[in-house]
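Undergrad: Chain residues, written in single-letter form:
2 protein chains.
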Amino acid sequence: MNEEQLAKWKEQRRKRRNSLNHDDLLSGIIKGDLQALSSGITLLESNRKSDQEEAQKLVNSCLKHSGKSIRVGVTGVPGVGKSTFIEAFGKLVVAKGYKIAVLAVDPSSEKSGGSILGDKTRMNDLSVLENAFIRPSAAGKSLGGVARKTRESIILCEAAGFDFILIETVGVGQSETMVKSMVDFFMLLMLAGAGDELQGIKRGIMEMADALIVTKADGDNLIKARRAKKEYENAIHLFPANENGWIPKTLVASALEQYNIEKTFDTIESFVNHTRINGSFGRNRKQQDKYWLHETITDTLMSNFYSSERLVNEIAVVEKEVIEGRISSFEGAEKLMKIYNHE
Amino acid sequence: MNEEQLAKWKEQRRKRRNSLNHDDLLSGIIKGDLQALSSGITLLESNRKSDQEEAQKLVNSCLKHSGKSIRVGVTGVPGVGKSTFIEAFGKLVVAKGYKIAVLAVDPSSEKSGGSILGDKTRMNDLSVLENAFIRPSAAGKSLGGVARKTRESIILCEAAGFDFILIETVGVGQSETMVKSMVDFFMLLMLAGAGDELQGIKRGIMEMADALIVTKADGDNLIKARRAKKEYENAIHLFPANENGWIPKTLVASALEQYNIEKTFDTIESFVNHTRINGSFGRNRKQQDKYWLHETITDTLMSNFYSSERLVNEIAVVEKEVIEGRISSFEGAEKLMKIYNHE
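Chains as they are written, first to last, in my numbering: chain A, 1 to 343; chain B, 1 to 343.
This is chain A alone, in the form it adopts within the complex:
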């Protein structure tokens, strides 16, 4: 970039920032303007103090317009065909007359430099549709930061009138538990073959799923996929029941052949009916709100502790003493707490 280009870029950025003011963004978002929604999410993601204050105002204003979408989490290891599946699903949802937003959660993107939705071209067909909104991964220094940005993005998307919000994540880390705790319905995409492919899926994720979908069920793969579905179905019966009385569904599906994409939609619909009737839909949302209140408190307390100047060198020293069995874990913790509290 030469000096002229740099100056032009800075000017553009200045203009863009100035346009990110609360009232314009809010009225744009409520009208369903995608540019305003996009700028609103950019504001959420900014680390500038003044932006953050403006973002909080925006989230609070949007809050009373939020809550009406169906929030769906989608996870699965790389290679399972998540974006192809989401694109097929999204197109169906749009064809039915609904609006769909796709947000991605990828806490690893900071490190790896990659982002699961970074390659926007992956969902070309969906992204050009008027009633679809695709937003690449929110980056953040911590899982807590990513969670916050995602939760707040959901509120903005809902205020913009989206009926379905899909939260996509990779099935390899802590991020599924996080996504599970901010959605109504959680889908796990799986590959047939049930062997090595599963290695990447974290233990416990299968038990969190409301639907388990064996993907790429087309051509030669269909028989294998059906067999895998049957096995998962048997396994699910061994799991303890969900509190909401929902029995997780297993499906085979093919995005390529549009096979069972509609059935996936129907499954979500019948889940929503089931949980709305027995009251667990609303209960779950309230629990999630409460969960995030206390989760954020824990996060803040811990990050204050671990970033304390006084403990910079002490933590590693105490960890070593504990691991070598010179002091107990509990005595180690007390030692660090005393330093932290100036005792």
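Simulated from the structure, these hints should not be mistaken for laboratory data. Since the structure is predicted, the reported quantities are computational estimates derived from the model, not experimental observations. Incorrect hints may have been included.
[Claimed, not checked] Keeping only pairs whose Cα atoms sit at most 25 Å apart, straight-line, the calculated PhoX-like set for lysine-lysine is:
#	chain 1	residue 1	chain 2	residue 2
1	B	K290	A	K335
2	B	K290	B	K68
3	A	K99	A	K68
4	B	K286	A	K335
5	B	K96	B	K320
6	B	K49	A	K338
7	A	K286	B	K335
8	A	K57	B	K68
9	A	K338	B	K286
10	A	K263	A	K180
11	B	K286	B	K91
12	B	K57	A	K320
13	B	K286	B	K263
14	A	K96	A	K263
Given the coordinates of chain A, assemble chain B onto it according to the supplied hints.
TA: Coordinates of chain B only, in the frame set by chain A:
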């Protein structure tokens, strides 16, 4: 209790307290004296400040004599036959020339008034053996408190020369995750029938188990138990692999007919060999020590926050605002943090 009895009881208690001094207890414990061990654990459980200081000294002194046992967690819903199984297993271990201690974790005991090992007579045959030590549930106000007492009891038992330490817990709460994080080997006892009986088992526990044992495999029940074992075996193959390379084993067993109790022992032995050879045994222990260091820090930070005078009424108010959608979870958390920090 009349006045005379009360006076006598107080005198006994005073004498007992005075006998709980560090040096006597330590030398007793190291000699393997069960009375000293028992008094040491009582000291750990005391809430008196002076006792707690003495207890910390004792734990630290025992620390260098600890670490040599095999720590085994046992869980399963009420009715699965935990104590019968543990008794049969314990007697076998003693017959092989080893020493076994059985500790119970029951964080619910405070509320329910009941304790899973409160009824000591349940393990009559085992408890009379010289090389067996049975300790009823540690009570505590919080899961963190119970965890600490149990971890420290393990250290004392190891200093007293026990080869096997069994930690028993009920499969219905957060306590399994806690027990899993303080043992080398984790066993889940299950009933045949695989239906309603599982309702009580928390989701995710099956995936934590290193061995899954279908109990009461005797008489008419044997065929049903074998079928259940087969089903669990199939389910386990669908789970992601353990980091330590161990494939969880499934067994049927009968304490009544002494069937496969020895095989349970062999399974633990082969697990220990497997993980010692690939180094994961020691790695896991170090990770556990580190985990408990940081877990205790989190616990302390949170309990300081939630017991803060300044927040007594505020927490419920903010929770309500969040649940009713008047402010976001994140703004609610910030509000409480500001009050806590006098800002």
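Undergrad: Take the hints in turn and mark each one as holding or not.
TA: The hints, checked one at a time:
1. This hinted pair checks out: B/K290 and A/K335 have alpha carbons roughly 14 Å apart, not beyond 25 Å.
2. For a cut-off of 25 Å, the pair hint linking B/K290 to B/K68 stands: about 18 Å separates their Cα positions.
3. At most 25 Å may separate the alpha-carbon atoms for a hinted pair to count; A/K99 and A/K68 meet this at roughly 12 Å.
4. Straight-line distance between C-alpha atoms of B/K286 and A/K335 comes to about 19 Å, which keeps the hinted pair within the 25 Å bound.
5. Proposed proximity of B/K96 and B/K320 is contradicted: the alpha carbons are some 59 Å apart, above 25 Å.
6. The straight-line distance between the Cα atoms of B/K49 and A/K338 is roughly 17 Å, inside the 25 Å bound, and the hint therefore holds.
7. At roughly 19 Å between alpha-carbon atoms, A/K286 and B/K335 fall within 25 Å of each other, so this suggested pair holds.
8. For the proposed pair A/K57 and B/K68, the alpha carbon gap of about 58 Å is over 25 Å, so the pair is violated.
9. Of the pairs offered as hints, the one joining A/K338 and B/K286 holds, with about 24 Å between alpha carbons and a cut-off of 25 Å not exceeded.
10. Proposed proximity of A/K263 and A/K180 is supported: the alpha carbons are some 21 Å apart, at most 25 Å.
11. Note on B/K286 and B/K91: the hinted pairing is violated, with a Cα-Cα distance of about 30 Å set against a maximum of 25 Å.
12. As the CA atoms of B/K57 and A/K320 are separated by approximately 20 Å, the hinted pair is consistent with the 25 Å bound.
13. The hinted pair formed by B/K286 and B/K263 fails the criterion: a straight-line CA distance of about 28 Å is larger than 25 Å.
14. A distance of roughly 13 Å separates the Cα atoms of A/K96 and A/K263; the hinted pair therefore holds under the 25 Å criterion.
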